[in-house]
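Asks: Each chain, letter by letter, is given below.
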Amino acid sequence: MNQPIIEIEHISKVYEMGSEEIFALRDVSLSIYPNEYVAIMGPSGSGKSTLMNMLGCLDTPSSGVYNFKGLDVNEMDDNDLATIRNKEIGFVFQTFNLLPRASSLRNVELPLIYAGESTTKRKQRAEEVLASVGLQDRMGHKPNELSGGQRQRVAIARALITNPAIILADEPTGNLDSKTGVEIMKLFHDLHSKGNTIILVTHEEDIARHAHRIVRLKDGLIESDEKNSQPTYYETI
Amino acid sequence: MKLSEIVESIRFSFESLKSNKTRSSLTSLGVVIGIGFVVLMGWSLNGLEQAWDKTISTVGADMMYVDKWDWTGGRKWNSIRSRKDITIDQVKLFAEANHGADLTIPMLRSWGKRIGYKTNSIGGIAIMGTESSYGRTSAGTIETGRFFTEFEDERTTNVIVLGYGVAKALFPTGNALGKSVKVGKYSFYVIGVLEKRGFLFMDFIDNQAFVPLKTFINNFGSSRRSFSIAVKAESVADMDRLREESRGYMRTIRGVTADKDDDFSINESKAFDDNIKDIRLYIWSIGIGLTLLSFIVGIIGIMNIMFVSVAERTKEIGIRKALGAKKSSILTQFLVEASLLCFIGAIVAFIGCSILIFFGKMVIVSFYPDLSFISGYLPPNLLIIASIVSIFVGILAGLIPAMRAAKLDPVESLRFE
Numbered sequence: 232m233n234q235p236i237i238e239i240e241h242i243s244k245v246y247e248m249g250s251e252e253i254f255a256l257r258d259v260s261l262s263i264y265p266n267e268y269v270a271i272m273g274p275s276g277s278g279k280s281t282l283m284n285m286l287g288c289l290d291t292p293s294s295g296v297y298n299f300k301g302l303d304v305n306e307m308d309d310n311d312l313a314t315i316r317n318k319e320i321g322f323v324f325q326t327f328n329l330l331p332r333a334s335s336l337r338n339v340e341l342p343l344i345y346a347g348e349s350t351t352k353r354k355q356r357a358e359e360v361l362a363s364v365g366l367q368d369r370m371g372h373k374p375n376e377l378s379g380g381q382r383q384r385v386a387i388a389r390a391l392i393t394n395p396a397i398i399l400a401d402e403p404t405g406n407l408d409s410k411t412g413v414e415i416m417k418l419f420h421d422l423h424s425k426g427n428t429i430i431l432v433t434h435e436e437d438i439a440r441h442a443h444r445i446v447r448l449k450d451g452l453i454e455s456d457e458k459n460s461q462p463t464y465y466e467t468i
Numbered sequence: 393m394k395l396s397e398i399v400e401s402i403r404f405s406f407e408s409l410k411s412n413k414t415r416s417s418l419t420s421l422g423v424v425i426g427i428g429f430v431v432l433m434g435w436s437l438n439g440l441e442q443a444w445d446k447t448i449s450t451v452g453a454d455m456m457y458v459d460k461w462d463w464t465g466g467r468k469w470n471s472i473r474s475r476k477d478i479t480i481d482q483v484k485l486f487a488e489a490n491h492g493a494d495l496t497i498p499m500l501r502s503w504g505k506r507i508g509y510k511t512n513s514i515g516g517i518a519i520m521g522t523e524s525s526y527g528r529t530s531a532g533t534i535e536t537g538r539f540f541t542e543f544e545d546e547r548t549t550n551v552i553v554l555g556y557g558v559a560k561a562l563f564p565t566g567n568a569l570g571k572s573v574k575v576g577k578y579s580f581y582v583i584g585v586l587e588k589r590g591f592l593f594m595d596f597i598d599n600q601a602f603v604p605l606k607t608f609i610n611n612f613g614s615s616r617r618s619f620s621i622a623v624k625a626e627s628v629a630d631m632d633r634l635r636e637e638s639r640g641y642m643r644t645i646r647g648v649t650a651d652k653d654d655d656f657s658i659n660e661s662k663a664f665d666d667n668i669k670d671i672r673l674y675i676w677s678i679g680i681g682l683t684l685l686s687f688i689v690g691i692i693g694i695m696n697i698m699f700v701s702v703a704e705r706t707k708e709i710g711i712r713k714a715l716g717a718k719k720s721s722i723l724t725q726f727l728v729e730a731s732l733l734c735f736i737g738a739i740v741a742f743i744g745c746s747i748l749i750f751f752g753k754m755v756i757v758s759f760y761p762d763l764s765f766i767s768g769y770l771p772p773n774l775l776i777i778a779s780i781v782s783i784f785v786g787i788l789a790g791l792i793p794a795m796r797a798a799k800l801d802p803v804e805s806l807r808f809e
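Going line by line, the protein sequences match chains A and B.
The first sequence lines up with residues 232 to 468 when you count with this note's numbering.
The second sequence lines up with residues 393 to 809 when you count with this note's numbering.
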């Protein structure tokens, strides 16, 4: 197999609560390769959020090695981390995390503003990705004028705009009804089949089953890391 | 940091300020008041400057007066008083020697005279005796009628040219020409009225009246009076040379030895500069004081609101950081927002002051028509100064909150609800 995008070795994360040390992650090792579709599963408190923050370069480990595309993340300063997040990682959050006062288009082009793209290129690319998630007629709408499913699509479009190396989705269907959730999972399936690498963080078994590989966490340790030979797949309606 | 990012910051700031209209406008009130003071102060100083320039130009920037008295006087009063009078012979010698001057005009004056016409009279007037050539200086510019001629001087005719202030007091409806006015027991025939020369606090310059020198000596006598010599230069540029030459001649004529100070003064309209400097300083200190005070209040208000804004938008900061915003981007965002708030305040202040000044001028002119030359508009360079100051104030007020925002931890911020 080719070079992994993400390669973590023996990483731990310790939080100090008063005099006590709490291990959110203990000695976790994991590699993720291009075009994988991985679900990170675990109950609350299992350390999956901490792992996600780590993988998303929002946080740094207390110990261990994290290589992103062969680069040592521990060596990076805040600006380097911001650049990695901007160019290589597309975040999709449970609560969508759109800017409430900005239109869909403005929300989607935000990462390109920080990448320093020109206005015309930004707009063109934002229209492109919004169309690719089926929102070509909702570009001028603000988040409060959109349904939950549409908001999550805007967030996915925003995650896609920089052509990131991985898409990191944290409970993407957690705030949606099951029918809309299915639509969103279908969208992830499509993105995966187009060659994207997807990391799905969830505590729901049936959502995790959409992925092709399931990593289970418990008490900060990897409990299991298995291939899912029969991922859930919905026929396109 | 790219320009496009700053432009985007401005767009986002507008959206953010718009969503909190009441709060934004209340916050910028301090800045509106501060900038308002700066602008009004600038305008009044400008008006003062205009009045001053107009006074100087009518008194004559190309004129100097060789005199026993010193216009700036003050501390040396006693030594000045003991100076010997300048005599008519000295004036003649000086005029013969001083070829470098355009005009050399002897003058005598009598202070505190009262001039009357029928039942009207005005006191505290300086009666000046001079030659016809005074009419060729800018200080002798006529508004109506004419200045007296050499012939009238030779013949000691009782003609008089009134200063603007005198004419206005005695003939409120105009028509001074041809009238007979009284100075003491002597009657004078009014042949001309001078143009207005003094503005604002320099009004006293217009309380003068001019008669031919010989007439003056005949009527008021020349004993115990010191001549002064009005010297007109070819041009303002020639003043320095002329001053030094005049000084040299006068020292020789009056027999001042090398080890002694001048026993005469050479006065120029520049001497008044000290007066205006005081007034300018006075306006500046009041203005600066009020401005600083309102800016401090304004800065505290804006800083406070920016802290609230940073706290409220912690989540937004987290999202932006997750999407790749660097510390500098977040810093810029909040600095731009604070500056924009101040800048809008400055524009509002400028528009408000423009309206105030436009109507203010109309009111002032209706009471003092002489001041109609004062500008009813704000000079555009004030707009630039006000804008720059406001942006600077915004940066000052926004810096600490913006730094706090930039330092926020992305994980913590994203968790914020």
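By construction, these hints were calculated from the structure, which means they are not laboratory data.
Check before you lean on any hint, since a few could be wrong.
[As the list claims (entries may be wrong)] Under the rule of at most 27 Å between Cα atoms (straight-line distance), these lysine-lysine pairs were calculated in the DSSO-like manner: (1) Lys719(B) - Lys352(A); (2) Lys318(A) - Lys719(B); (3) Lys354(A) - Lys719(B); (4) Lys318(A) - Lys425(A); (5) Lys373(A) - Lys571(B); (6) Lys354(A) - Lys707(B); (7) Lys410(A) - Lys300(A); (8) Lys719(B) - Lys588(B); (9) Lys588(B) - Lys373(A); (10) Lys373(A) - Lys468(B); (11) Lys318(A) - Lys460(B); (12) Lys318(A) - Lys410(B); (13) Lys300(A) - Lys719(B); (14) Lys354(A) - Lys577(B); (15) Lys571(B) - Lys588(B); (16) Lys410(B) - Lys460(B).
[Unchecked claim] Each pair of labels, with its calculated beta carbon distance range: (17) Glu804(B) - Asp303(A): 23 to 33 Å; (18) Lys373(A) - Val755(B): 27 to 37 Å; (19) Glu306(A) - Leu421(B): 48 to 58 Å; (20) Ser424(A) - Glu809(B): 53 to 63 Å; (21) Glu804(B) - Glu240(A): 57 to 67 Å; (22) Gly276(A) - Glu809(B): 11 to 21 Å; (23) Val755(B) - Asp309(A): 26 to 36 Å; (24) Ser455(A) - Glu804(B): 23 to 33 Å; (25) Ile776(B) - Asp303(A): 44 to 54 Å; (26) Asp309(A) - Leu421(B): 48 to 58 Å; (27) Lys417(A) - Leu421(B): 18 to 28 Å; (28) Ile692(B) - Asp309(A): 45 to 55 Å.
Predicted model only: the values in this text are computed from it and were never measured.
Glycine included, C-beta positions come from ideal geometry on N, C-alpha and C.
Asks: Give a verdict on every hint.
Replies: Here is what the structure says about each hint:
Between lysine 719(B) and lysine 352(A) the CA atoms are separated by roughly 24 Å; this keeps the pair inside 27 Å, and the hint holds. Between the alpha carbons of lysine 318(A) and lysine 719(B) the distance comes to roughly 16 Å, so the proposed pair stays at or under 27 Å and holds. The straight-line distance between the Cα atoms of lysine 354(A) and lysine 719(B) is roughly 24 Å, inside the 27 Å bound, and the hint therefore holds. With a C-alpha separation of about 19 Å, the suggested pair lysine 318(A) and lysine 425(A) falls inside the 27 Å cut-off, and the hint holds.
Of the supplied pair hints, the one linking lysine 373(A) and lysine 571(B) is violated, its CA atoms being roughly 84 Å apart against a limit of 27 Å. At roughly 25 Å between alpha-carbon atoms, lysine 354(A) and lysine 707(B) fall within 27 Å of each other, so this suggested pair holds. A hinted pair counts as satisfied when its Cα atoms are at most 27 Å apart, and lysine 410(A) with lysine 300(A) does not qualify at roughly 36 Å. Annotation: proposed proximity of lysine 719(B) to lysine 588(B) is violated, straight-line Cα distance about 64 Å (limit 27 Å).
Proposed proximity of lysine 588(B) and lysine 373(A) is contradicted: the alpha carbons are some 67 Å apart, above 27 Å. At roughly 79 Å between alpha-carbon atoms, lysine 373(A) and lysine 468(B) are farther apart than 27 Å, so this suggested pair is violated. Note on lysine 318(A) and lysine 460(B): the hinted pairing is violated, with a Cα-Cα distance of about 85 Å set against a maximum of 27 Å. Restraint check: the Cα-Cα separation between lysine 318(A) and lysine 410(B) comes to about 31 Å, which exceeds 27 Å; the hinted pair is violated.
Straight-line distance between C-alpha atoms of lysine 300(A) and lysine 719(B) comes to about 24 Å, which keeps the hinted pair within the 27 Å bound. A hinted pair counts as satisfied when its Cα atoms are at most 27 Å apart, and lysine 354(A) with lysine 577(B) does not qualify at roughly 93 Å. Pair hint lysine 571(B) plus lysine 588(B) holds up; C-alpha atoms about 20 Å apart against a cutoff of 27 Å. Proximity of lysine 410(B) to lysine 460(B) is assessed by CA-CA distance (about 70 Å); at most 27 Å being required, the pair is judged violated.
For glutamate 804(B) paired with aspartate 303(A), a C-beta distance near 24 Å keeps the hint of 23 to 33 Å intact. Judged by the Cβ atoms, the range 27 to 37 Å given for lysine 373(A) and valine 755(B) is violated: they are separated by roughly 49 Å. At roughly 49 Å, the beta carbons of glutamate 306(A) and leucine 421(B) sit within the given window of 48 to 58 Å. Between serine 424(A) and glutamate 809(B) the beta carbons are some 35 Å apart, a value that contradicts the proposed interval 53 to 63 Å.
Between glutamate 804(B) and glutamate 240(A) the Cβ separation comes to about 27 Å, which falls outside the hinted range of 57 to 67 Å. For the hinted restraint 11 to 21 Å between glycine 276(A) and glutamate 809(B), the CB-CB distance of approximately 19 Å keeps it satisfied. Distance hint check for valine 755(B) and aspartate 309(A): the Cβ-Cβ separation is about 59 Å, which falls outside the suggested range of 26 to 36 Å. Serine 455(A) and glutamate 804(B) have their C-beta atoms about 31 Å apart, which keeps the hinted 23 to 33 Å range intact.
Taking 44 to 54 Å as the suggested C-beta distance range, the pair isoleucine 776(B) and aspartate 303(A) conforms, at roughly 50 Å. For aspartate 309(A) and leucine 421(B), the Cβ-Cβ distance of about 37 Å falls outside the hinted range of 48 to 58 Å, so the restraint is violated. Restraint check, lysine 417(A) to leucine 421(B): a C-beta distance of roughly 54 Å breaks the suggested window 18 to 28 Å. Separated by about 30 Å at the C-beta atoms, isoleucine 692(B) and aspartate 309(A) break the suggested range of 45 to 55 Å.
Hints 5, 7, 8, 9, 10, 11, 12, 14, 16, 18, 20, 21, 23, 26, 27, 28 from the earlier list are contradicted by this structure; the remaining hints agree with it.
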